[in-house]
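Engineer: Going down the list, the protein sequences come from chains A and B.
Here our numbering is used: the first residue of the first sequence is 7, the next is one more, and so on.
Here our numbering is used: the first residue of the second sequence is 6, the next is one more, and so on.
Among the hints, a few may not be true.
Below 27 Å or equal to it, Euclidean Cα-Cα: the simulated DSS-like pairs (lysine-lysine) are [claimed, not checked]:
#: 1; chain 1: A; residue 1: 12; chain 2: B; residue 2: 27
#: 2; chain 1: A; residue 1: 21; chain 2: B; residue 2: 30
#: 3; chain 1: A; residue 1: 21; chain 2: B; residue 2: 32
If you want the ones that stay clear, here's a sample from chain B, every Cβ over 10 Å from chain A, calculated [said to hold, decoys possible]:
#: 4; residue: 24
#: 5; residue: 51
#: 6; residue: 69
#: 7; residue: 83
#: 8; residue: 92
#: 9; residue: 95
#: 10; residue: 103
#: 11; residue: 141
Cβ-to-Cβ under 10 Å is the rule here; a few derived chain B residues that face chain A [stated by the list, open to error]:
#: 12; residue: 15
#: 13; residue: 25
#: 14; residue: 88
#: 15; residue: 100
#: 16; residue: 101
#: 17; residue: 109
#: 18; residue: 113
#: 19; residue: 125
#: 20; residue: 127
#: 21; residue: 143
Derived by calculation from the structure, the hints in this document are not laboratory data.
Where is the CB? At the ideal position from N, CA and C, for every residue including glycine.
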Amino acid sequence: MRGLRKLEPLRELGKEKLKGKKVIAVMSSKGGVGKSVISALLSLSLPSVTLIDLDIHTMAIAKLFGVEGLTHEVGKEGIRPFRINNVNLVSLSGVVRGGKYVILPGGNQSSVMEELLAYSSIVTDYVVIDMPPGLGDEVLVLERLTDFQPVVVTTPSKVSLKVVNHLLSYLKERGKEKVYVIVNMAYFKCGNEIIRPFGEFKGDLELPIDPAIEDYVGRIHEYHGEVRSKIEEFVKKELM
Amino acid sequence: MHEWSIAQSVVLTVTHAFPDKKIKKIKLGIPMFSFLDVEILKEAFDVLKQGSNLENAELEIVVKEPKFQCQHCGKEFTFSQISDKLNQLKTQYGEEYPLHLMPELLPSFISCPYCGSHDIKVIGQEITIEGIEEVGAVERAG
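Just chain B, with the same shape it has in the complex:
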């Protein structure tokens, strides 16, 4: 269900930033470890865009693989090195998996595979609007 909040944030942001443009496509980046349901996200977007200048817009979703760096020992590591731990967390929490709701909580749940520190810098953890494609201006009556 959290996908609806994300979709709402995208619709709000783009309609506020480009009120006079007809939007054709929005490219949205989501972090891999948030395990958001892409189909639900698109369905929510299609409902929430109605009546706005995004009415004919398509939502393209890019699942981003983040990069991790431990700020304690300085080593970098990859998603695959922590995926077992994340799967355990998903099993433990089920539908209430906290990184689904708040991906920035990751350093609380994951420690560096080399030194065990939670002081982890994650590049690519945010939900971002990566790009927008327009087809022209909105036609206004009068």
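Isolated chain A, as found in the complex:
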């Protein structure tokens, strides 16, 4: 019998699941810039889509859509996503449930991310991935499995821009032809005046600060404010 070291069934399955799909990775090497809210609203702006929450430690997507108490069913086809409007949502919170924290050594973290992608049932043409912050395994795992369209999120803050620039340089070096940059919390309107509290940086899309979003945590699919309409416009123009 042949001894084999390099066959990786999990990776093969992950590749197969994502083959031929339009995979959009919402990413930022900086945390706290709004990746999950943008992933959610971006998904709600697409036709039928699978939204995979790869931020396995925060699992914010489940909180935003109000499914954190639910458990994923598993069928012959894999982990069955939760369905909310046009969104098929997969989150680790549907596996560990009950608000359980997830703490993992590095190698296990990347394996769990790979398992989440490989074992999910993905039947839609579009796949949106809410990436964890950082420039490590989270990016490398996705690169191993598929080509993807990066959508990089930042705020106009100098600190965020500095960190995000590292990610942009990396993506450029890896040959990504088009990388979209969304500048979140770019401005708010005060009467007729536009105020930019964190500085100026244009990117491909600027999103306003809308404190009303907080009221929609748990039912983000019901939010129809300005941030959503700007994202919808962007998605129609650039991603469809």
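Given the structure of chain A, go ahead and fit chain B onto it with the hints provided.
Structural biologist: What follows is chain B alone, placed relative to chain A:
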């Protein structure tokens, strides 16, 4: 049901790696604490292999006993030292036992029996193809 995903991953991997070989046997290693149902896994494999070069292949399953080492205090421990905790977890979650689906989640649910740390290195936690036996090349028409 998760056994079907595992079987699919095995069929995909071996057919991609050896498209021109007739395969007689595949030896698959699964971690003990994933509590996968070996019979369902074999049944799924027998269905999914149809029409491929694995059609006559047998799936041999080896249940691996992992080794555990705490990276905080450095001590090693065995499966038997954490089996009570794993059984509790199985009772708590029932069919949705998370380590069945994702064995690499183990350090989140288990702590070191000596110091309580979750910084646990597990050797033998992955599902692996341990070996393959071929009987010859696939005959192609023309």
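Engineer: What hints, given by number in increasing order, does this structure fail?
Structural biologist: 10, 13, 14, 21
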